[in-house]
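Residue numbers (the numbering used here), protein chains in the order written: chain A, 1 to 321; chain B, 322 to 642; chain C, 643 to 963; chain D, 964 to 1284; chain E, 1285 to 1605.
It cannot be assumed that every hint is accurate.
[Said to hold, decoys possible] Restricting the straight-line Cα-Cα distance to at most 30 angstroms, the calculated cross-link-like pairs of lysine-lysine (BS3-like) are:
1) B/K334 x B/K453
2) A/K70 x B/K432
3) D/K1033 x D/K1074
4) B/K432 x B/K391
5) C/K904 x E/K1471
6) C/K959 x E/K1546
7) A/K179 x B/K508
8) C/K712 x A/K179
9) C/K829 x B/K525
10) B/K508 x B/K391
11) A/K70 x A/K187
12) B/K432 x A/K179
13) E/K1546 x E/K1601
14) C/K821 x E/K1463
15) D/K975 x D/K1142
16) D/K1150 x E/K1463
17) C/K846 x C/K774
18) E/K1488 x B/K525
19) D/K1142 x E/K1601
20) A/K294 x C/K936
21) B/K638 x B/K583
22) D/K1074 x D/K1167
23) B/K500 x D/K976
24) A/K294 x B/K615
25) C/K959 x A/K317
26) E/K1395 x E/K1488
27) D/K1142 x D/K1095
28) A/K187 x B/K500
29) D/K976 x D/K1074
30) D/K1167 x B/K525
31) C/K821 x A/K187
32) A/K179 x C/K753
33) C/K904 x E/K1601
34) A/K132 x A/K13
35) E/K1488 x A/K262
36) E/K1488 x D/K1167
37) A/K70 x C/K846
38) C/K846 x E/K1471
39) E/K1601 x C/K712
The set of hints was computed from the structure by calculation and includes no laboratory data.
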Amino acid sequence: MLINCVAYQEGKKLSDIPISAISDYLEQPGCFVWVALCDAEPAELAEMQHEFGLHELAVEDAQRGNQRPKIEEYGDSLFVVVQSVEMTGNELHIGEVDIFVGPNYVLSSRKRMSQGFLGVRARAEREPHLLKQGAAFVLYALMDAVVDRYFPVVTTLETELEAIEARIFEQGSERTNIKSLYELKNKVMAMRHAVAPLLDALGKLHGGRVPALCMDTQEYFRDVHDHLHRINATIDTIRDTISTAIQVNLSMVAINESEVNKRLAAWAAIFAIFTAFAGIWGMNFEFMPELHLKYGYAGALLFMFSVAGYLYYRFRKSGWL
Amino acid sequence: MLINCVAYQEGKKLSDIPISAISDYLEQPGCFVWVALCDAEPAELAEMQHEFGLHELAVEDAQRGNQRPKIEEYGDSLFVVVQSVEMTGNELHIGEVDIFVGPNYVLSSRKRMSQGFLGVRARAEREPHLLKQGAAFVLYALMDAVVDRYFPVVTTLETELEAIEARIFEQGSERTNIKSLYELKNKVMAMRHAVAPLLDALGKLHGGRVPALCMDTQEYFRDVHDHLHRINATIDTIRDTISTAIQVNLSMVAINESEVNKRLAAWAAIFAIFTAFAGIWGMNFEFMPELHLKYGYAGALLFMFSVAGYLYYRFRKSGWL
Amino acid sequence: MLINCVAYQEGKKLSDIPISAISDYLEQPGCFVWVALCDAEPAELAEMQHEFGLHELAVEDAQRGNQRPKIEEYGDSLFVVVQSVEMTGNELHIGEVDIFVGPNYVLSSRKRMSQGFLGVRARAEREPHLLKQGAAFVLYALMDAVVDRYFPVVTTLETELEAIEARIFEQGSERTNIKSLYELKNKVMAMRHAVAPLLDALGKLHGGRVPALCMDTQEYFRDVHDHLHRINATIDTIRDTISTAIQVNLSMVAINESEVNKRLAAWAAIFAIFTAFAGIWGMNFEFMPELHLKYGYAGALLFMFSVAGYLYYRFRKSGWL
Amino acid sequence: MLINCVAYQEGKKLSDIPISAISDYLEQPGCFVWVALCDAEPAELAEMQHEFGLHELAVEDAQRGNQRPKIEEYGDSLFVVVQSVEMTGNELHIGEVDIFVGPNYVLSSRKRMSQGFLGVRARAEREPHLLKQGAAFVLYALMDAVVDRYFPVVTTLETELEAIEARIFEQGSERTNIKSLYELKNKVMAMRHAVAPLLDALGKLHGGRVPALCMDTQEYFRDVHDHLHRINATIDTIRDTISTAIQVNLSMVAINESEVNKRLAAWAAIFAIFTAFAGIWGMNFEFMPELHLKYGYAGALLFMFSVAGYLYYRFRKSGWL
Amino acid sequence: MLINCVAYQEGKKLSDIPISAISDYLEQPGCFVWVALCDAEPAELAEMQHEFGLHELAVEDAQRGNQRPKIEEYGDSLFVVVQSVEMTGNELHIGEVDIFVGPNYVLSSRKRMSQGFLGVRARAEREPHLLKQGAAFVLYALMDAVVDRYFPVVTTLETELEAIEARIFEQGSERTNIKSLYELKNKVMAMRHAVAPLLDALGKLHGGRVPALCMDTQEYFRDVHDHLHRINATIDTIRDTISTAIQVNLSMVAINESEVNKRLAAWAAIFAIFTAFAGIWGMNFEFMPELHLKYGYAGALLFMFSVAGYLYYRFRKSGWL
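I would like the entire structure built from these sequences, with the hints used as guidance.
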């Protein structure tokens, strides 16, 4: 589905143009075309391939989808794949933005994303001195938008982790904890697959040997790179903390279990006193003189309760009860 | 076993040729020979070595088999080993394709594979403009075919993992889970041995210093490289998830165990009440006034059941029962 | 909030100057301006950006805060972010110092820090031969101050770890230990996020390709780098030790548990003797000759205590009791 | 102990020569000396040092023994240390081969090895066209022989691992398994110490900057390197599998334990029924009407067995028994 | 404390010289001064700084102590820090040697070390042809001495590990094992902090870009480097083995525990037989015909013992007892 197809000159919008006019505008010097697609049909992509002269392999990738984040050079143009991450309720949704960038055009095609880039275009049009820098700046603006949307997701994951941490030393929530930790781990891994390859790829857009296209906007890409670094560091911490938390949770299960066992053992011992002595005085021997004492029964009860009480006191003191 | 032995010119099939004619065709300019073997005998390989002038060490490797994936340069020709991965039922089968590539020939020899490359040849012959690019394109087409067949296998492994995940928090399936996880781990490791070394090797066919042969088809090899990257990333995630799942499974065993123990402890306590009091009132002391009360028995039963009931209520409330 | 705004010449303080005069002083040859801000307002930063001609992206980063440690080149100036680590009571506080450095100015802006850099300035002013080296030396002095403050924090973390280690083989403190280890781990991870990225960044200020600004002070930056290396190595040891300690703690839980279980089993066996025999002699068979013996009861007690004593002796010897 | 001392020319054996004649032969152009020692005495090494003009540090290393695998350049000669791995019964034996290689000599000195290199020499002498390549080819032949002997050892380790895997899900063999896994791990680590450093070192004998000596035999060394890569990959898989197997084994202990506990709990519950009710009807209250019923006893037994049977049925159904 | 202060020429000792004469001797061509300090006072270091013209930052590091191993270039001189490792009884002691090396001087300053370098000096003086090589050779000799002293320590650690391994599958020593493993781990980590950074640093003294000072002694430093590699590899193996051993120890606890539990369960079952049947025949029903049989009691005992015996036999056969 076509969202926008606009030609710009000197950073200012010329007009919305029909798709078939793209190749004409591309030939005008100083002119620059920015097209946005959403969940593009193969036919649309084929049309774009024809108008922009895109490379076959890049278009194939865009059609198939499910690409890993990457930045590929085809001659003097770039093919960029970025994964978007959105959160609805408690679920992560991974979308994809394929961006074809040439010296005087940008074609972005997003998939499985609920949020578009209208805001990016609007802001870019409000700042003609920046938009004048052309395709590389638009590429930056789009990547920056995608990466900026990672931050709230990462924050949500951090909050989830903190919620688990808050109850990790509580008794009785081990089952919930381990389940939450496992689900969180899976989300973090998905997030990581969006971030890590992009981190590698972005390193090539500033610093060393940079594609001609991005020569003058290196500092902008370094800025995005830096944001990604922060996100990546946070993700690594979350992963590390999750795996420690899983271990800690197991330790807590073991510790709680061992305390329950101690308590169980202590009560079992106390009851065993009654059972054993009652058993003895329940034997049917003929000559058991204490059975015939007037206060035998009371004495026996007293004795049994005293021993039990003493045990209770001892267990209490040693922390078993 | 010889599958095909065909000479091509300008991307078009000339004819099937006898093996002994190979060296003649190789001398014709613009001519290009593509031979496919299957589970080749040493004699066949020796014949090929003679016709194509293959390097001794490369032929030795092909004869021995069980090579790791690699790309080796011998002068201006390449020796490429790729492992195929096929799944029959629940079992992984690792096959091997050895490909000898020179400026004007390709010799592929597959082993322990049920599926061949007839489709690759057919498609290549339908697209003479691509086949015209010669040996490097055929190498690409073969590698691409092998790598594309990794995807469904990886998907199957992912599905197996999801099936395990679906029952990982269920009680009673821990034994099956741990067994499945261990078997899955072994499969993933085998898969990884096919993928990881090829990933390293393929990096040399695009980007930096590239063998002369592959100079003009770099973008194709980058594409295969990218597919491998995706597969490798998925494999890494599966491995990581398996090892977390093993830990989680152990935690679940411990958690379930500790709940069983609590329940056991609770019932043991309740029964201990009956045993202890019954023991006391079963003692043979002469003076136990309550034994002679009319409603002594009923009272005792009431008392015992009350205490047991109270305990039951307490245990219930604290989640032990 | 402005803390200081001072102009220097030849390493000597000229005078405190108003903000609006900064750009004038910057134009005087051999003059050098050093400004310190604390929890700066956006308006203050905007003013500074105007006076010093700072790069937009750097100022944006400083405004947003929560940057990861980094050293970025913008033309011939540097933008440096360092994280401070302070400890109040048992809590770690991560602050941030943003330093803008140009050929003849240093602007430092600290956030969420209780301790400032007045001492650094005072010492620098006492050593004009060093201060004469200009902006790079001030940058060094500031970074050195921040890094030096890491040492006592790391020492505190080490002391905490030693305190945990001292009681890790004690029975009964497993719960406290695991909690302390987990909290310590989180602190160490926070510390690590301050140190590790700075370590990477500082490597660029000495040795290889160094920004022109820091050319003559390389040995000073190498010195800071070296301090960071030490801190980083200590942090790595603490992390490694924590994760071993968590495992050891779990092992201790299991070992203690298994000893408690053995003791429980031993006592249960001893009591079972009484219960079983008392049960037997409490049966109501008519012909149980031993019941009618004069010393039957005494004999029975003797027998039971003997067996129990023997068991006790055996359990004692095998270390169960 | 001297094994062989032979002079070659043009790839053909001239004659066995006395040690003292070595330096004479070395001076003849096109002549090449190959000496083999076994468990050499210091005096022998000193003599060799004198004849061949070996570097002091290399000779010292050879004397001390217990070197890690390495390839060191001393001027235009090489000092190579390779570890051999032999298996007798169930034990690994690590031997050592020190090889001094110069433009026209090879001196190999093996230690703690039961198997020598006579076969290597015999084969080399049968192939004069290869032996003509001189010292580098002999070095290759020796290293190839050592590395080829790794394969059966690795296969044995794999077989041991498979034997353990076959019984890892069996009940009752956990103790044997963990012991076998630990011993296997230690063997694999020893093996790894022979392989990993050699892998690094061999990388320098082909591809990039190669010692002049090995310039023309690069492809041979690449072949050995490739074999080592395969061995190393297998070792890594074994290590990885061992550590998963240790975890799985622990899980199996926990799972089996928890099933034993459930069974124990179930039977304890069934017996508790009898004990409790027998206790109640064993009380000595005067008014217990059911005691006087004709079928009271039978009824009580019926009741107790019914409850026990019902419990048995319930436990059976829920998988506890 | 000054240990030695000696001037050398052409590898031969001139004489012991007073500290104040150092700078004079340094000016004589071909002359070379070697000073050794032990636990130096700040004043001594200041004097040395003045005589040798040492760099301020290096002297500061030497004064503060607790440096990590490193090799720093200051102009044409080097500042080297090496950590010594000594073992007294069961304790590791980490000392430190700071070495200042210039073209014609070596100043070594050791701290917290019981053993000095008199032997190194004596041996160097006995070999004037080596000592003639000057400062770099002395540096080598000192580093070699320190590194050689690592070997016995590493061997001690290996022996400790073997002692633990010998009892790891024994029952009853789990508590001692885990404690020993933890302490060993800490020692190994301390050792590693001495070795690992030095390994990195030493790589710069041979092979690639080497400080002018060490140009001609590269092979010596490569030799030290190689020794360190061996030590480091051994340390890595010990670490790896320790962490496997900790896991194995935990497994052994679990396995032993589960066997104790089985035994406990078996005996509990056997005793439960007696208790249950004795309870039944202890009931007070009026009509219990078997109670009145002549051999009722004997039959009951026989019955109970038979059932118990049968259970015992069954448990024995299934390995529970």
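How the hints compare with the structure:
| no. | hint | result |
| --- | --- | --- |
| 1 | B/K334 x B/K453 | holds (10 angstroms) |
| 2 | A/K70 x B/K432 | violated (34 angstroms) |
| 3 | D/K1033 x D/K1074 | holds (16 angstroms) |
| 4 | B/K432 x B/K391 | holds (16 angstroms) |
| 5 | C/K904 x E/K1471 | violated (33 angstroms) |
| 6 | C/K959 x E/K1546 | holds (21 angstroms) |
| 7 | A/K179 x B/K508 | holds (26 angstroms) |
| 8 | C/K712 x A/K179 | violated (37 angstroms) |
| 9 | C/K829 x B/K525 | violated (43 angstroms) |
| 10 | B/K508 x B/K391 | holds (21 angstroms) |
| 11 | A/K70 x A/K187 | holds (21 angstroms) |
| 12 | B/K432 x A/K179 | violated (45 angstroms) |
| 13 | E/K1546 x E/K1601 | holds (13 angstroms) |
| 14 | C/K821 x E/K1463 | holds (20 angstroms) |
| 15 | D/K975 x D/K1142 | violated (53 angstroms) |
| 16 | D/K1150 x E/K1463 | holds (25 angstroms) |
| 17 | C/K846 x C/K774 | holds (23 angstroms) |
| 18 | E/K1488 x B/K525 | holds (29 angstroms) |
| 19 | D/K1142 x E/K1601 | holds (24 angstroms) |
| 20 | A/K294 x C/K936 | holds (21 angstroms) |
| 21 | B/K638 x B/K583 | holds (13 angstroms) |
| 22 | D/K1074 x D/K1167 | holds (25 angstroms) |
| 23 | B/K500 x D/K976 | violated (60 angstroms) |
| 24 | A/K294 x B/K615 | holds (21 angstroms) |
| 25 | C/K959 x A/K317 | holds (26 angstroms) |
| 26 | E/K1395 x E/K1488 | holds (25 angstroms) |
| 27 | D/K1142 x D/K1095 | violated (51 angstroms) |
| 28 | A/K187 x B/K500 | holds (25 angstroms) |
| 29 | D/K976 x D/K1074 | holds (26 angstroms) |
| 30 | D/K1167 x B/K525 | holds (18 angstroms) |
| 31 | C/K821 x A/K187 | holds (26 angstroms) |
| 32 | A/K179 x C/K753 | violated (38 angstroms) |
| 33 | C/K904 x E/K1601 | holds (23 angstroms) |
| 34 | A/K132 x A/K13 | holds (10 angstroms) |
| 35 | E/K1488 x A/K262 | violated (60 angstroms) |
| 36 | E/K1488 x D/K1167 | holds (18 angstroms) |
| 37 | A/K70 x C/K846 | holds (27 angstroms) |
| 38 | C/K846 x E/K1471 | violated (34 angstroms) |
| 39 | E/K1601 x C/K712 | violated (69 angstroms) |
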